[in-house]
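Model the placement of chain U on the given structure of chain X, informed by the hints.
2 protein chains.
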Amino acid sequence: MDYLALGDSNEVNFKYQQIYDGIKEKVLKGKLKAREKLPSKRQLADELKVSVNTIANAYEQLLAEGYIYTIERKGYFIENITKFSDQEEGINKLPADLKEDDASEEDWLSLSHMSADISLFPFKEWMKCENKAVDKQKKELSELGHPQGPYLTRNTISRMIALTRGVVCEPEQIVIGAGTQLLIQQIMGIQNKKSIIAIEDPGYFRFYRLLNKMGFSVNPIQLDDKGIDIKEVESSHANFIFVTPSHQFPTGKIMPITRRIELLNWAAEADNRYIIEDDYDSEFKYETNNIPSLQSLDRNHSVIYTGTFSKTLLPGTRISYMVLPPDLLREYRKHHSDLMQFSNSLGLYTLHYFIENGGYSRHIKRMNHHYEMKRRVLIEQLRTKFNHQVCIQDIPAGLHLLVQFKSNKTYDEVEACAKEERLEIYTLRRFMLKNQNQANEWIELVIGFANIHESEIPEALDKLYRII
Amino acid sequence: MDYLALGDSNEVNFKYQQIYDGIKEKVLKGKLKAREKLPSKRQLADELKVSVNTIANAYEQLLAEGYIYTIERKGYFIENITKFSDQEEGINKLPADLKEDDASEEDWLSLSHMSADISLFPFKEWMKCENKAVDKQKKELSELGHPQGPYLTRNTISRMIALTRGVVCEPEQIVIGAGTQLLIQQIMGIQNKKSIIAIEDPGYFRFYRLLNKMGFSVNPIQLDDKGIDIKEVESSHANFIFVTPSHQFPTGKIMPITRRIELLNWAAEADNRYIIEDDYDSEFKYETNNIPSLQSLDRNHSVIYTGTFSKTLLPGTRISYMVLPPDLLREYRKHHSDLMQFSNSLGLYTLHYFIENGGYSRHIKRMNHHYEMKRRVLIEQLRTKFNHQVCIQDIPAGLHLLVQFKSNKTYDEVEACAKEERLEIYTLRRFMLKNQNQANEWIELVIGFANIHESEIPEALDKLYRII
Chain X
-1 MDYLALGDSN EVNFKYQQIY DGIKEKVLKG KLKAREKLPS KRQLADELKV SVNTIANAYE
59 QLLAEGYIYT IERKGYFIEN ITKFSDQEEG INKLPADLKE DDASEEDWLS LSHMSADISL
119 FPFKEWMKCE NKAVDKQKKE LSELGHPQGP YLTRNTISRM IALTRGVVCE PEQIVIGAGT
179 QLLIQQIMGI QNKKSIIAIE DPGYFRFYRL LNKMGFSVNP IQLDDKGIDI KEVESSHANF
239 IFVTPSHQFP TGKIMPITRR IELLNWAAEA DNRYIIEDDY DSEFKYETNN IPSLQSLDRN
299 HSVIYTGTFS KTLLPGTRIS YMVLPPDLLR EYRKHHSDLM QFSNSLGLYT LHYFIENGGY
359 SRHIKRMNHH YEMKRRVLIE QLRTKFNHQV CIQDIPAGLH LLVQFKSNKT YDEVEACAKE
419 ERLEIYTLRR FMLKNQNQAN EWIELVIGFA NIHESEIPEA LDKLYRII
Chain U
-1 MDYLALGDSN EVNFKYQQIY DGIKEKVLKG KLKAREKLPS KRQLADELKV SVNTIANAYE
59 QLLAEGYIYT IERKGYFIEN ITKFSDQEEG INKLPADLKE DDASEEDWLS LSHMSADISL
119 FPFKEWMKCE NKAVDKQKKE LSELGHPQGP YLTRNTISRM IALTRGVVCE PEQIVIGAGT
179 QLLIQQIMGI QNKKSIIAIE DPGYFRFYRL LNKMGFSVNP IQLDDKGIDI KEVESSHANF
239 IFVTPSHQFP TGKIMPITRR IELLNWAAEA DNRYIIEDDY DSEFKYETNN IPSLQSLDRN
299 HSVIYTGTFS KTLLPGTRIS YMVLPPDLLR EYRKHHSDLM QFSNSLGLYT LHYFIENGGY
359 SRHIKRMNHH YEMKRRVLIE QLRTKFNHQV CIQDIPAGLH LLVQFKSNKT YDEVEACAKE
419 ERLEIYTLRR FMLKNQNQAN EWIELVIGFA NIHESEIPEA LDKLYRII
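Residue numbers (this note's numbering), protein chains in the order written: chain X, -1 to 466; chain U, -1 to 466.
These aren't lab readings, by the way, just hints derived from the structure by calculation. Accuracy of the hints is not assured; some may be wrong.
Put simply, identical chains are the same to the list, so a pair is met inside one copy or across any two.
Stated by the list, open to error - Cut-off 20 Å, straight-line C-alpha distance, at most; resulting in silico cross-link-like pairs (EDC-like, lysine to aspartate or glutamate):
#, residue 1, residue 2
1, Lys461, Glu419
2, Lys137, Asp105
3, Lys91, Asp325
4, Lys122, Asp133
5, Lys134, Glu123
6, Lys417, Glu457
Just chain X, same shape as in the assembly (with noise of 0.2 Å):
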């Protein structure tokens, strides 16, 4: 029988893949039969010219794979294999359906909310950052370390929150995750699926349909001037609510002090309520200084924290964390014990010491001066390129303005265009949860200021002009 498998290189390691694919090859299809005996190492060798260490690999390799077995002082035998009852070879080509479009977005101009400026990211300074980390904590980079994070990255960061938010907590508090959706999902996944949600509307649809899918009954509560209603939260029965005082997602307005103290009064009213705040851009903040957080107004133990790095590093860095008022948190560690931390963890020592020596705050006061001119520049040339027809929410906060636009289109309409024009634009009915409907003669769009380079603004409200 002729042990090899196609193929004339005279080459060793060819040799023995010859021999290695033959033997299985024929075991597979049944024409080396179960229990017949193989040639000895050899006696094969001699006959396939090549040196018995060649074979007695091949042997191993299909001993440790199951296809032979041996007998001591009786040599090696054909295994009985169990034969494919589907002989047919399957099609392994991709459904065309499944195939990505590989069509470039390399010349489209984005005013997406989605993105970061990251020409002015230090990288030097953080992987100085990266390689001290390397230098100092071999011992937990070697380890899984602890599933809320590092002790050391979590305690500078509630050093950092505490002076720059008003968070009170303690590391202990902290939860690292690689994204806020994954911690939302988390700390909702371990409460009673009873459980009633308020969320802003217009608001964060990840979110919205995150819970939804969790099986959460999730309402929508429209805002007022102040924000979230909350006759509105109350005649809902919610016992949770998603809110984004410093910068509401995504008309960008700031909840004034009265309505805060509206919304820790409701949680205090009853056991179980519990506020979710995302915190997820009041890192800027022009004109005035950061508004402290809700979380810092909080007498009750009743607010979850959540705040992100993917604004202020780079958007794909994947380190989120949230503050967990004590009783969750000691139901956070009964459920979740078996979990692991997800954020890299040479990440996450890295950005410890890019916040102890201060370069995280430098970064951070560099962009907030950079967002603010790109963001004037952008107001400017909209006021100037859309006159009265242009109503701006001019709320000195975040990377995104809301904007209104006199339009008689429709956002179906606006959406076809911008995809021709290549512009990346959100409108606002991405965003509304509820009710999608229109207000007559106006179209509102989310425009991110964050990635576009100054010098493009004006080809994109040329872009703009002609979508609307």
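Using the frame of chain X, we list chain U on its own:
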């Protein structure tokens, strides 16, 4: 009225802070009443002997936060603020049971299977690749990116696993995620909750608990000499099987070809039957070559293949991936259109260059050699030290061994002793999912050798000897 908060610094910033804090406090405590007029900026500036600018800044900030309002040409007035319903200051001390144990684990020795030896990790080379990614992927790094991970990296992974594991797939079929746990959760989250799952016993208890928590009926299936018992699988009516064919976790057994074919035949017999192949440490194979994956033999698109970089890069790198059959990919995309990529994007591009320039395979080769040596030393010393009291499952693969010791101790006693001896070691009981009974006179331990230094092995075995 004194508008200042306590403190007497004359520095501008402190003055600003005192004015701002002072008014805020008085509003919250009701000492400044709703609609009360504040002094004009000039008036207050004169009174407090500070610049008008300092007052203007404080008023602007209070305005932004909603403590005061302004009427053009009339001045600034106190807002009508809701009172806190509960004026008691919450106790902000963390309850003692939530405090984290600060006891240093510095002097412990570890025979854990959950770590890696990073002393040989080529950090310099990795960082070079990182620099390259920063340089070449500027645009991609400023955006959120594809939920399955960058196409570039998926393409590189698909080519690599085709070569090393025989995995047949297109980059479209790869979903990158921040850990296998998370990926399993994503793909199982879209399955019918009535699905029945068969899982190896002993096996990976984290998956077992995760799937149980997700609401599935999960059946631990005993292993026979070839691996998971196919007859037991059939009688459990399972439609999903979780297996670790390359190196069964934790027994270390390699599933022979005949059982692999039996599993594939089982999957082909009915619709909606899937095998999840967790290839968690297949990169490490000593003496013989890598064993092709189960997926490589699949002709019916019924294998979900999962792999990870946690064993080969840093354990906290958090880059894993799964390969989905086309039907499941279609479902996945439908359900997870809102999902984000949770793995660090810079890390993913760095990995692409690290694989592309050969750094990755060089590192694997180096580590194979290194671990093989360490493994051999460990086995030799175990045999010398314990002589006839030890039985080692010597399967030349992976980063851990299953070892049986003759002993009259119970698992509880062994675990307590290990704590006293400050040796991190895991008993087989941890991985026994259904029946946690102990074999008479035998203690079985899962001994990892990745993170212990060769020179520490004698000390670790001394500890082990005293424990057993």
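Results of checking the hints against the structure:
1. Lys461 with Glu419: Cα proximity of Lys461 and Glu419: one copy only (6 Å, versus 71 Å across).
2. Lys137 with Asp105: Result: close only across copies, 12 Å inter versus 46 Å intra.
3. Lys91 with Asp325: For Lys91 and Asp325, only the inter-copy Cα distance (12 Å) is at most 20 Å; the intra-copy one is 52 Å.
4. Lys122 with Asp133: both (16 Å within a copy, 12 Å between copies)
5. Lys134 with Glu123: both (17 Å within a copy, 18 Å between copies)
6. Lys417 with Glu457: The answer is within: 15 Å in one copy meets 20 Å, while 67 Å across copies does not.
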